[in-house]
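Trainee: Order-wise, the sequence lines are chains E and G. At position 31 of the first sequence (counting the first as 1) the number is 31 in this note's numbering, and the numbers step up by one without a gap. At position 120 of the second sequence (counting the first as 1) the number is 120 in this note's numbering, and the numbers step up by one without a gap.
Please keep in mind that the hints were generated in silico from the structure rather than gathered at the bench. In this text, a Cβ means the ideal position worked out from N, Cα and C, and glycines have one as well. Careful, some of the hints might be misleading.
Partial list, derived from the structure: chain E residues whose beta carbon lies under 10 angstroms from chain G [as the list claims (entries may be wrong)]:
| # | residue |
| --- | --- |
| 1 | T60 |
| 2 | N73 |
| 3 | S121 |
| 4 | C124 |
Number of protein chains: 2
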Amino acid sequence: MALHEKINLKATLAIGVLSKKTKVNIETIRYYERIGVMPSPPRSAAGHRIYAPTHLRRLTFIKRSRELGFSLNEIRALLELVDGGDYTCDEIRAATLLHKEKILSRIKDLQRLEKTLTIMSDKCAGDTLPDCPIIDALYTEEDGSYSILDTAV
Amino acid sequence: MALHEKINLKATLAIGVLSKKTKVNIETIRYYERIGVMPSPPRSAAGHRIYAPTHLRRLTFIKRSRELGFSLNEIRALLELVDGGDYTCDEIRAATLLHKEKILSRIKDLQRLEKTLTIMSDKCAGDTLPDCPIIDALYTEEDGSYSILDTAV
DNA sequence: CTAAGACCTGTAGTGACTACAGGTACAAGG
DNA sequence: CCTTGTACCTGTAGTCACTACAGGTCTTAG
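Make a model of the complete structure from these sequences and hints.
Mentor: In structure tokens, the structure reads:
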């Protein structure tokens, strides 16, 4: 192994190092590769993944976007735009605002929920009797005009 | 099939009827039975499930609790209390308030998220140039003190 | 008698991971 | 030289709360 090869390896990262730097689980990194949001990196002779700074940047992007509540599919779409280089600031802002709207409606759902829970527990005498208005309420079909189901982050 | 048998069947429901009354999917009802939150109902000669009004009540309870953001495991625990009949109003209220706290912290997470998204899109000129501060921000590791991951409803 | 519809079981897919089991590679210490 | 420890590898299965088939049986109306 010649010196110049060592120099080339200087800026590379093993998966464990990448994991620590990004605080993304090793298994998650491999998962991202499997589903194609991270590219397959080159391998060492022993088959170990060798990451370059570009991978670090990309994984940071993915992690940050996940933290902001984007789904992996949304991130995939964002990355395609970015990879293609044919995006405009307008497009990205539109996607961000759309996402913000989703978050806002999720907040509203949860606030309605919280209100209902408050009302229910306020009705409750909170004594040691086996009779509870909360339980009664749960047995009663409500309006059902809202559903918080399938509104995961 | 004698008359008295028909009378006994009067108040029973087929799975499709139960599904329509509760607005819970047929497949979901069977799923609830499989995981044990709904009891296995008696069957007709042909093997069809025959539900009684108690099943309707129980499924309503489950649906309503799900709408209020309780997980099936939490519902299982609630149902055990109710089934045992040894619950007090206090216990139920405590569970409800605990759940409310979870919802509140989820709301806070989402509000922080929303704020960040607002700040990011405000920075954006929104023009047709392929250069976007949002993208730049996504490539940048932030504090990371909060994570919205694994905070599904 | 036939066709539509409701029901049955069992399995696989979703999203975004996480957790193994069982194996290989490689460096440092005895 | 051997052992020990660590980091890596693949592949599969589990999580949650469903949903969606495939491929069958049963019931009911015309």
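Trainee: State the violated hints by number, sorted upward, taking the hints as numbered earlier in the document.
Mentor: Per hint list: single violation, 2.
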